[in-house]
Amino acid sequence: MEQAVATETVLEETAPARRHRGPRRSMLGERIVEAFLTLNGFVAIAAILLIFLFLFKEGVQAFQTISPARFIQTTELDFDNMPQTVRMWQPVSTNPKYSLVPLVLGSFLVALPATLIATLLGAATGIYLAEVAGKRTREIVKPAIELLAGIPSVVIGFFCLATLATLVQNAFHTTFRLNAFVGALGVCFVIVPVIATMTDDALRAVPGHLREGALALGANRWETILRVVVPAAASGLTASILLGMGRALGETMIVLMATGNAAQVTLNPFESVRTMTATIAAELGAVPQGGEQYRALFLVGSVLFTFTFAINLLAEMAVSRMRRRLAL
Amino acid sequence: MRCKGTRGLAAAMLLAASVSMQPVLAGDTITVKGSDTMVIVAQRWAEEYMKAHPDVTIQVTGGGSGTGIAALVNGTTTLANSSRPIKGEERDAARKNKIDVVEFRTAMDGLAVVVNAANPVEHLTIKQAGMIYSGYINNWKQVGGPDKKIIRYSRESNSGTYVFFKEHVLMNRDYAADAQTMPGTSAVAEAVSKDPNAIGYGGVAYFATNPKLKILKIKKDDKGEAISPLGADGKPNYQAVWDGSYPIARYLYVYSAGQPAGAVKAYLDWILGPEGQAIVERMEYIPVKGSAPGAGN
Numbered sequence: 000m001e002q003a004v005a006t007e008t009v010l011e012e013t014a015p016a017r018r019h020r021g022p023r024r025s026m027l028g029e030r031i032v033e034a035f036l037t038l039n040g041f042v043a044i045a046a047i048l049l050i051f052l053f054l055f056k057e058g059v060q061a062f063q064t065i066s067p068a069r070f071i072q073t074t075e076l077d078f079d080n081m082p083q084t085v086r087m088w089q090p091v092s093t094n095p096k097y098s099l100v101p102l103v104l105g106s107f108l109v110a111l112p113a114t115l116i117a118t119l120l121g122a123a124t125g126i127y128l129a130e131v132a133g134k135r136t137r138e139i140v141k142p143a144i145e146l147l148a149g150i151p152s153v154v155i156g157f158f159c160l161a162t163l164a165t166l167v168q169n170a171f172h173t174t175f176r177l178n179a180f181v182g183a184l185g186v187c188f189v190i191v192p193v194i195a196t197m198t199d200d201a202l203r204a205v206p207g208h209l210r211e212g213a214l215a216l217g218a219n220r221w222e223t224i225l226r227v228v229v230p231a232a233a234s235g236l237t238a239s240i241l242l243g244m245g246r247a248l249g250e251t252m253i254v255l256m257a258t259g260n261a262a263q264v265t266l267n268p269f270e271s272v273r274t275m276t277a278t279i280a281a282e283l284g285a286v287p288q289g290g291e292q293y294r295a296l297f298l299v300g301s302v303l304f305t306f307t308f309a310i311n312l313l314a315e316m317a318v319s320r321m322r323r324r325l326a327l
Numbered sequence: 000m001r002c003k004g005t006r007g008l009a010a011a012m013l014l015a016a017s018v019s020m021q022p023v024l025a026g027d028t029i030t031v032k033g034s035d036t037m038v039i040v041a042q043r044w045a046e047e048y049m050k051a052h053p054d055v056t057i058q059v060t061g062g063g064s065g066t067g068i069a070a071l072v073n074g075t076t077t078l079a080n081s082s083r084p085i086k087g088e089e090r091d092a093a094r095k096n097k098i099d100v101v102e103f104r105t106a107m108d109g110l111a112v113v114v115n116a117a118n119p120v121e122h123l124t125i126k127q128a129g130m131i132y133s134g135y136i137n138n139w140k141q142v143g144g145p146d147k148k149i150i151r152y153s154r155e156s157n158s159g160t161y162v163f164f165k166e167h168v169l170m171n172r173d174y175a176a177d178a179q180t181m182p183g184t185s186a187v188a189e190a191v192s193k194d195p196n197a198i199g200y201g202g203v204a205y206f207a208t209n210p211k212l213k214i215l216k217i218k219k220d221d222k223g224e225a226i227s228p229l230g231a232d233g234k235p236n237y238q239a240v241w242d243g244s245y246p247i248a249r250y251l252y253v254y255s256a257g258q259p260a261g262a263v264k265a266y267l268d269w270i271l272g273p274e275g276q277a278i279v280e281r282m283e284y285i286p287v288k289g290s291a292p293g294a295g296n
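Line order of the protein sequences matches chains A and B. So in numbering that gives the first Met the number 0, spot 233 of the first sequence is number 232, and the numbers just go up one at a time. So in numbering that gives the first Met the number 0, spot 242 of the second sequence is number 241, and the numbers just go up one at a time.
These are computed hints drawn from the structure, not numbers from a lab. Even for Gly, the Cβ is constructed at its ideal location relative to N, Cα and C. Just to be clear, a hint being listed does not mean it is correct.
Claimed, not checked - From the derived model, a few chain B residues whose C-beta atoms are all more than 12 Å from chain A: (1) 47; (2) 99; (3) 107; (4) 227.
To be verified - Just so you have them, the derived chain B footprint on chain A, three or more residues with Cβ under 8 Å: (5) 86-92; (6) 173-184; (7) 254-263; (8) 278-285.
Said to hold, decoys possible - With a cut-off of at most 25 Å between alpha-carbon atoms, the simulated DMTMM-like pairs for lysine to aspartate or glutamate come out as follows: (9) 213(B) - 242(B); (10) 126(B) - 242(B); (11) 140(B) - 189(B); (12) 95(B) - 57(A); (13) 126(B) - 79(A); (14) 140(B) - 79(A); (15) 213(B) - 189(B); (16) 264(B) - 102(B); (17) 86(B) - 291(A); (18) 264(B) - 47(B); (19) 216(B) - 242(B); (20) 126(B) - 77(A); (21) 148(B) - 79(A); (22) 288(B) - 224(B); (23) 222(B) - 121(B); (24) 97(B) - 291(A); (25) 50(B) - 268(B); (26) 134(A) - 222(A); (27) 140(B) - 77(A); (28) 219(B) - 77(A); (29) 148(B) - 221(B); (30) 95(B) - 291(A); (31) 148(B) - 77(A); (32) 134(A) - 211(A); (33) 234(B) - 47(B); (34) 126(B) - 75(A); (35) 126(B) - 224(B); (36) 222(B) - 166(B); (37) 56(A) - 88(B); (38) 264(B) - 27(B); (39) 211(B) - 232(B); (40) 219(B) - 79(A).
Starting from the given sequences, assemble the full structure and let the hints guide the process.
Right, dumping it as structure tokens:
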């Protein structure tokens, strides 16, 4: 995703360079620089394609030994030898179980509440920064928020494990001390800055004449922000939320430490869950290369990548839509 | 490993193995990787040994028994620590890479079942512990405790402790889906100490000194005597582990790629000798019977 954005800026920078090309300038040097920049753009695309290929090539091989149905459910004899349909992720077992259902549910049970909370906090912060805060406040607050994004996720994860989990349990009286909601709160630390800075950028990209027009027509400041500026930047806001969600789905260390990692099929955010990322992080280091579990983990990775790729693609589309509408 | 299309990969692994197979050249560096349970004792072994033999460098890392054995099979470590015996398929994978894995039993460990200090339950039978972890007993009431849901804490599947407990206590049944997997035994201790309805398991040494935890006595069967892995003095109960009356005990292994020679052999001999076993005792593990019983401080 960041690579894709980088590609665009590269292309934008090369365009004006061509326009200002003077006759006395060294044509050769300029061409070399231009070729270098173009190459960098294509390297990003090539990298994404190669990652795609690598993941799916390994992941698809899982189907050689595991039938597709087993990625949903398996039949298992229970204590009384009665056949039961189970949806479990339990690869180390006499009858290995590779259901992706608890993992996908777990990932979304963390990512959706995280996105929801972070959207409320992040969008509010972004609107404050772009429309309300004075210049000096802004110069202090914005870098501070960006610093928040720089906290190593293992530190946030440990904070969740040791402190936040107890606070949440005391507040909500949850059965599980470590649960999806604790993970979601932890992930918010990472994605609030993403949403806040992107909202700020989107709002500031709205041309001044729209604001001035609204004020001239008698709207007060609050009406101007809510009815004119925010709708004009709606696509940008959508993009920031989607990017935040993509980041939340991909977050690993925080959820590994804060969610308890029990692969349950549940829709209750106060239960312990196991995400796709945590499963890969916890298990991939210890499985023999090329084995059944190794390939199943690559399949999990492929599914995860598909989700985040689709979400990021939607975000990209929203951004370009906003650019077109505001004629930027 | 049922792989067909990874012949190139295997060849690369073989190449890597053949390169790193002789780390015992100038300056003798020994790398040790594996079991998180053993990482504390292995680090102490390495420190003490390096003090006495400054020409040898020993690097110890954890990651789990499975990780260590995988590294040994791929030729990226000299020795692997493991808190479970090597599996047949791992031995086969090693053989494919032309590595003959040699086993050393270096210490013993009693696995404790642990609850929060506030829990009134004092003992469980092995069967009860197994039924709790496999999800057939879900309330403390069923084993003589309060009417509260049991919160199960377990380990990641790459841990030797996970595998041992599954084989010897769950009798190879699956863990309940709501068993939370913690990245290490100290994380289990931390979680159980904060949760009055929790149950956890792991090496005795991790729980023995924590006042917020209670180590349960274990009965072999309904009629058996409830035996604690700790003696009256708060130290691991050697005799109960050696004679098998405490039923959840295991060996801690070190594996080497091929018969060890030179510096590696000297190091392993030292571990199995009185000095190495004294360190085992000091770290609250149990020395291998017959090697140095009663030695130490």
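Now for the hints, and whether the structure bears them out:
For residue 47(B), the requirement that its beta carbon stay farther than 12 Å from each beta carbon of chain A is met, with the minimum near 28 Å. Residue placement check: residue 99(B) keeps its beta carbon more than 12 Å from all beta carbons of chain A (closest about 17 Å). With a closest Cβ-Cβ approach of about 23 Å to chain A, residue 107(B) is found to remain outside the 12 Å limit, as its non-interface label requires. Listed as a non-interface residue, residue 227(B) keeps its Cβ farther than 12 Å from every Cβ of chain A; the least gap is roughly 27 Å.
For the segment 86-92 of chain A, the stated coverage by chain B is satisfied: 5 residues place a CB nearer than 8 Å to a CB of that chain, which reaches the threshold of 3. Counting residues of the segment 173-184 of chain A whose C-beta sits closer than 8 Å to any C-beta of chain B gives 4, which meets the bar of three, so the coverage hint holds. Counting residues of the segment 254-263 of chain A whose beta-carbon sits less than 8 Å from any beta-carbon of chain B gives 7, enough to reach three: the coverage restraint holds. Here's how the segment 278-285 of chain A fares: 4 of its residues keep a CB closer than 8 Å to some CB of chain B, so the rule of at least three is met and the hint holds.
With a CA separation close to 24 Å, the supplied pair residue 213(B) and residue 242(B) stays within the 25 Å bound. For a cut-off of 25 Å, the pair hint linking residue 126(B) to residue 242(B) stands: about 20 Å separates their Cα positions. Proposed proximity of residue 140(B) and residue 189(B) is supported: the alpha carbons are some 24 Å apart, at most 25 Å. About 21 Å separates the Cα atoms of residue 95(B) and residue 57(A), which keeps this hinted pair within 25 Å; it holds.
With a CA separation close to 16 Å, the supplied pair residue 126(B) and residue 79(A) stays within the 25 Å bound. A distance of roughly 22 Å separates the Cα atoms of residue 140(B) and residue 79(A); the hinted pair therefore holds under the 25 Å criterion. Using a Cα cut-off of 25 Å, the hinted pair residue 213(B) and residue 189(B) holds, with the two alpha carbons roughly 13 Å apart. Distance restraint check for residue 264(B) and residue 102(B): the Cα-Cα separation of roughly 12 Å lies within the 25 Å cut-off, and the hinted pair is therefore satisfied.
For a cut-off of 25 Å, the pair hint linking residue 86(B) to residue 291(A) stands: about 15 Å separates their Cα positions. In summary, the hint linking residue 264(B) to residue 47(B) is supported, as the alpha carbons are separated by about 16 Å, within the 25 Å threshold. Distance check on the hinted pair: residue 216(B) and residue 242(B) sit about 16 Å apart at the alpha-carbon level, within 25 Å; holds. Restraint check for residue 126(B) and residue 77(A): satisfied, since their Cα atoms lie roughly 16 Å apart, inside the 25 Å limit.
This hinted pair checks out: residue 148(B) and residue 79(A) have alpha carbons roughly 23 Å apart, not beyond 25 Å. Pair hint residue 288(B) plus residue 224(B) holds up; C-alpha atoms about 23 Å apart against a cutoff of 25 Å. Between residue 222(B) and residue 121(B) the CA atoms are separated by roughly 16 Å; this keeps the pair inside 25 Å, and the hint holds. Proximity of residue 97(B) to residue 291(A) is assessed by CA-CA distance (about 22 Å); at most 25 Å being required, the pair is judged to hold.
Taking the CA atoms of residue 50(B) and residue 268(B), the gap is near 16 Å; set against the 25 Å cutoff, the hint holds. Straight-line distance between C-alpha atoms of residue 134(A) and residue 222(A) comes to about 21 Å, which keeps the hinted pair within the 25 Å bound. Note on residue 140(B) and residue 77(A): the hinted pairing holds, with a Cα-Cα distance of about 23 Å set against a maximum of 25 Å. As the CA atoms of residue 219(B) and residue 77(A) are separated by approximately 24 Å, the hinted pair is consistent with the 25 Å bound.
Of the pairs offered as hints, the one joining residue 148(B) and residue 221(B) holds, with about 23 Å between alpha carbons and a cut-off of 25 Å not exceeded. Distance check on the hinted pair: residue 95(B) and residue 291(A) sit about 17 Å apart at the alpha-carbon level, within 25 Å; holds. Restraint check for residue 148(B) and residue 77(A): satisfied, since their Cα atoms lie roughly 21 Å apart, inside the 25 Å limit. Taking the CA atoms of residue 134(A) and residue 211(A), the gap is near 19 Å; set against the 25 Å cutoff, the hint holds.
Between residue 234(B) and residue 47(B), the direct Cα distance comes to roughly 22 Å. Compliance with the 25 Å bound is thereby established for this hinted pair. Proximity of residue 126(B) to residue 75(A) is assessed by CA-CA distance (about 21 Å); at most 25 Å being required, the pair is judged to hold. Proposed proximity of residue 126(B) and residue 224(B) is supported: the alpha carbons are some 14 Å apart, at most 25 Å. A distance of roughly 22 Å separates the Cα atoms of residue 222(B) and residue 166(B); the hinted pair therefore holds under the 25 Å criterion.
For the hint linking residue 56(A) to residue 88(B), the alpha-carbon distance of about 24 Å falls within 25 Å, and the restraint holds. About 12 Å separates the Cα atoms of residue 264(B) and residue 27(B), which keeps this hinted pair within 25 Å; it holds. Among the hinted pairs, residue 211(B) with residue 232(B) is consistent with the structure: their alpha-carbon atoms are about 18 Å apart, no more than 25 Å. The hinted pair formed by residue 219(B) and residue 79(A) meets the criterion: a straight-line CA distance of about 23 Å does not exceed 25 Å.
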